[in-house]
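Enquirer: Each chain is listed here by its residues.
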Amino acid sequence: AQKVTQAQTEISVVEKEDVTLDCVYETRDTTYYLFWYKQPPSGELVFLIRRNSFDEQNEISGRYSWNFQKSTSSFNFTITASQVVDSAVYFCALSEASKNTGNQFYFGTGTSLTVIP
Amino acid sequence: KAGVTQTPRYLIKTRGQQVTLSCSPISGHRSVSWYQQTPGQGLQFLFEYFSETQRNKGNFPGRFSGRQFSNSRSEMNVSTLELGDSALYLCASSFHSLSGANVLTFGAGSRLTVL
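Read top to bottom, the protein sequences are chains A and B. Counting in our numbering, the first sequence runs from 1 upward without gaps. Counting in our numbering, the second sequence runs from 1001 upward without gaps.
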């Protein structure tokens, strides 16, 4: 069964602190894709990153970095030197390639991040 | 480049009524997916359309239906509304429908309140 778990429901940090959002996934597929999306109060989900199951290389984009570890089925997201504009709900999602299911994403329940000025 | 446009943004209905939501994808995108977001169940997949054909459907009752037009615009319909249908309905589009790999671009959603 496919499942994405984001155990942290809410996180509050003070501006300029680093914060890591955890994501653990379950899938039986050998080929799959993992995503992170950000949902600001406006409601629109904004794409942050996609990673396929064969690429375990960590990625850094500005203040954002992602740590993908297949051994622990985790795809964690770190924001360095957080800013107030980072306040949002962040979703981790999984999609599987082998079942020909098109664009069916399995989302975690989201982590609400509040950055306090 | 215009993003994914959903209309209406907000609507209020009463139990038993039906509602139609519209989604215009990014120009050139042929795949449109719909998701329901509620505080209790989170984001759940409703269905996906590609080239006017429903490719995949989530675990929702038959009251939820959709369609896609030749210009890739999509509509979803919910009949016989129930209180539990109150949610944010999100539409997402992508250029094609290769399994799993697509980055979905989401609209701002249609917030439905059922009284």
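Honestly, the hints are just simulated from the structure, not real lab data. Certain hints may be false.
[Unchecked claim] Far from chain A, some chain B residues (derived; all Cβ distances over 12 Å):
(1) Gln-1018
(2) Val-1019
(3) Pro-1039
(4) Glu-1075
(5) Asn-1077
(6) Thr-1080
(7) Leu-1081
(8) Asn-1102
(9) Leu-1104
(10) Val-1114
[As the list claims (entries may be wrong)] Distance ranges between label pairs, derived from CB positions:
(11) Glu-17(A) <-> Thr-1020(B): 39 to 47 Å
(12) Ser-1070(B) <-> Ser-112(A): 37 to 45 Å
(13) Thr-20(A) <-> Pro-1039(B): 21 to 29 Å
(14) Thr-1113(B) <-> Lys-3(A): 26 to 34 Å
(15) Thr-1020(B) <-> Thr-30(A): 24 to 32 Å
Just so it is clear, CB atoms sit at the ideal spot from N, CA and C, and this is done for glycine as well.
Enquirer: None of the hints should be skipped; say for each whether it holds.
Expert: Hints, one by one, checked against the model:
For Gln-1018(B), the requirement that its beta carbon stay farther than 12 Å from each beta carbon of chain A is met, with the minimum near 23 Å. For Val-1019(B), the shortest C-beta to C-beta distance to chain A comes to about 18 Å, beyond the 12 Å cut-off, and the non-interface label holds. Separation of Pro-1039(B) from chain A is inadequate, the least Cβ-Cβ distance of about 10 Å not exceeding the 12 Å criterion. With 12 Å as the threshold on Cβ separation, the claim that Glu-1075(B) sits away from chain A holds: the shortest Cβ distance comes to roughly 17 Å.
With 12 Å as the threshold on Cβ separation, the claim that Asn-1077(B) sits away from chain A holds: the shortest Cβ distance comes to roughly 20 Å. The beta carbon of Thr-1080(B) is kept farther than 12 Å from every beta carbon of chain A, the shortest such distance being approximately 25 Å. Every CB of chain A is more than 12 Å from the CB of Leu-1081(B) (nearest about 21 Å), matching its label as outside the interface. Under the 12 Å C-beta cut-off, the non-interface status given to Asn-1102(B) relative to chain A is violated; the minimum distance is some 5 Å.
Distance check for Leu-1104(B) against chain A: the nearest CB is about 6 Å away, which does not clear 12 Å, and the non-interface claim fails. Look at Val-1114(B): its CB is around 18 Å from the nearest CB on chain A, clear of 12 Å, so calling it non-interface holds up. Between Glu-17(A) and Thr-1020(B), the C-beta spacing of about 45 Å keeps the proposed range 39 to 47 Å intact. In this structure, Ser-1070(B) and Ser-112(A) meet the distance hint of 37 to 45 Å, their C-beta atoms being roughly 40 Å apart.
For the pair Thr-20(A) and Pro-1039(B), the beta carbons lie near 24 Å from each other, so the given range of 21 to 29 Å is met. Against the hinted window of 26 to 34 Å, the Cβ-Cβ separation of Thr-1113(B) and Lys-3(A) comes to about 30 Å, which satisfies the hint. At about 40 Å, the beta-carbon gap between Thr-1020(B) and Thr-30(A) misses the expected band of 24 to 32 Å.
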